[in-house]
Amino acid sequence: MKVIEPHIHMIARTTQDYERMARMHTVACCEPAFWAGYDRASSQAFYDYFKHISEFEPTRAAEYLIQHYCWICINPKEADDLVLSREVISFIPEFLEKPTVLGIGEIGLNVNTKNEMTIFEEQVELALKYDQLIWIHTPHLKDKLKGTRMMLDYLKGHGKVNPERVCFDHSEEHTLKMIRDAGFWAALTIYPVTKNSPARVVDALEIYGLDHMLVDASGDWGPSDPGTLHDAIFEMKKRGHEEEHMETVFYNNPCYFLGQCEKFQPFPTMPKETAWAI
Amino acid sequence: MNNENSAKPVLGSPKTAEELLEIYFLNMRSALLETAAAMDRIQRSENGGDMMDDPRVRKLNGAVEILKSGKPDRVEQILRLLSDSVEQ
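These protein sequences, in sequence, are chains B and C.
Be aware that the first sequence starts at 41, since it is given in the working numbering, and climbs by one per residue.
Be aware that the second sequence starts at 3, since it is given in the working numbering, and climbs by one per residue.
Everything labelled a hint here was simulated from the structure, so no lab data went into it.
Accuracy of the hints is not assured; some may be wrong.
What the hints assert, rightly or not - Here are the simulated DSSO-like cross-link-like pairs (lysine-lysine), alpha carbons at most 30 angstroms apart as the crow flies:
1. B:Lys182 / C:Lys17
2. B:Lys303 / C:Lys61
3. B:Lys278 / C:Lys10
4. C:Lys10 / B:Lys277
5. B:Lys277 / C:Lys61
6. C:Lys73 / B:Lys186
7. C:Lys17 / B:Lys278
8. B:Lys217 / C:Lys70
9. B:Lys42 / B:Lys303
10. C:Lys61 / B:Lys182
11. B:Lys169 / B:Lys186
12. C:Lys70 / B:Lys182
13. B:Lys117 / C:Lys61
14. C:Lys73 / B:Lys217
Said to hold, decoys possible - Covered stretches of chain B (in silico footprint by chain C; criterion: 3 or more residues with CB under 8 angstroms from a CB of chain C, positions within the stretch not fixed):
15. 177 to 185
16. 208 to 219
17. 238 to 250
18. 275 to 283
Using N, Cα and C, we set each Cβ at its ideal position, and we do this for glycine too.
Excised from the complex, chain B in its bound form (with noise of 0.2 angstroms):
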């Protein structure tokens, strides 16, 4: 069964990850742009940086036969600086042409400030003008319900914003169902402590259905580790759950969301009105 990543900072991590993902069959993995663990010292840090994640991280991939794609955006920690942030903002559409720019992200909230909030907004909109696809980073530990609360009802009242375009990712049991209902894909991130275990994102799995779910371990330079992600299909087997369901959850959705943008190659094995019939 093969597997797609659909969220993974590469820049942050050894080229044995590379190994280990394509020997767990992992044929693509997707980089949205994101804080670095320290603030940047000026916009011309994240032109290199989306440079390096739009360039170089594809060549570094593809030696283990994955394919690389990456979001573009100033992410949610530093878009608290409007100037920076703005003029970040400037230079992105030059990036939005590269053959693997899925779109903007991962956008979002980080401790749901107001300026936050305003350079969220001001990505959306450029996102729509654009025609992109959009990535959102929901808040951390307490911040997260609040954020994602913000965010969504930002989006539904919003009036030219389609969902299906659209995914809210690091979802939990309380963040989940108000996404799913507002019609948004919900991305769950694994990870060893702060989010969720393989366990519980198999949960959410079985409670709310396949559709408009995707599983990510969303490594970085933090606690976390790609291989999580495949733990979570064997927590899966482990349950006795069918493999085309796994396969639904780990290539197919992922196929279904990112296909939208005509750039992403891989394609799905079976039609989603299939794939999502239980």
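Since chain B is already given, all that's left is putting chain C on it; use the hints.
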């Protein structure tokens, strides 16, 4: 879109409740013991007694009450308990 709540799972589990308990009991036991051990560790350190009144510890104690309640959707309730209010 399938949006039913956890009272009526859409996909459901192929395993019986007894089989699931067999699979997960040791993990559940371990998670509880780790939490209890960390509470003990904090309490027996200097000023540990005071720390038992820390808001974070109080919330964890609240989570235990949710665990004991016997009601479904425990994870969602605990996550809401540990979240900032959406009204703030």
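Verification of the supplied hints:
no. : hint                : result
1   : B:Lys182 / C:Lys17  : violated (33 angstroms)
2   : B:Lys303 / C:Lys61  : violated (47 angstroms)
3   : B:Lys278 / C:Lys10  : holds (22 angstroms)
4   : C:Lys10 / B:Lys277  : holds (22 angstroms)
5   : B:Lys277 / C:Lys61  : violated (35 angstroms)
6   : C:Lys73 / B:Lys186  : holds (24 angstroms)
7   : C:Lys17 / B:Lys278  : holds (9 angstroms)
8   : B:Lys217 / C:Lys70  : holds (24 angstroms)
9   : B:Lys42 / B:Lys303  : holds (19 angstroms)
10  : C:Lys61 / B:Lys182  : holds (12 angstroms)
11  : B:Lys169 / B:Lys186 : holds (27 angstroms)
12  : C:Lys70 / B:Lys182  : holds (22 angstroms)
13  : B:Lys117 / C:Lys61  : holds (27 angstroms)
14  : C:Lys73 / B:Lys217  : holds (18 angstroms)
15  : 177 to 185          : holds (count 5)
16  : 208 to 219          : holds (count 4)
17  : 238 to 250          : holds (count 9)
18  : 275 to 283          : holds (count 4)
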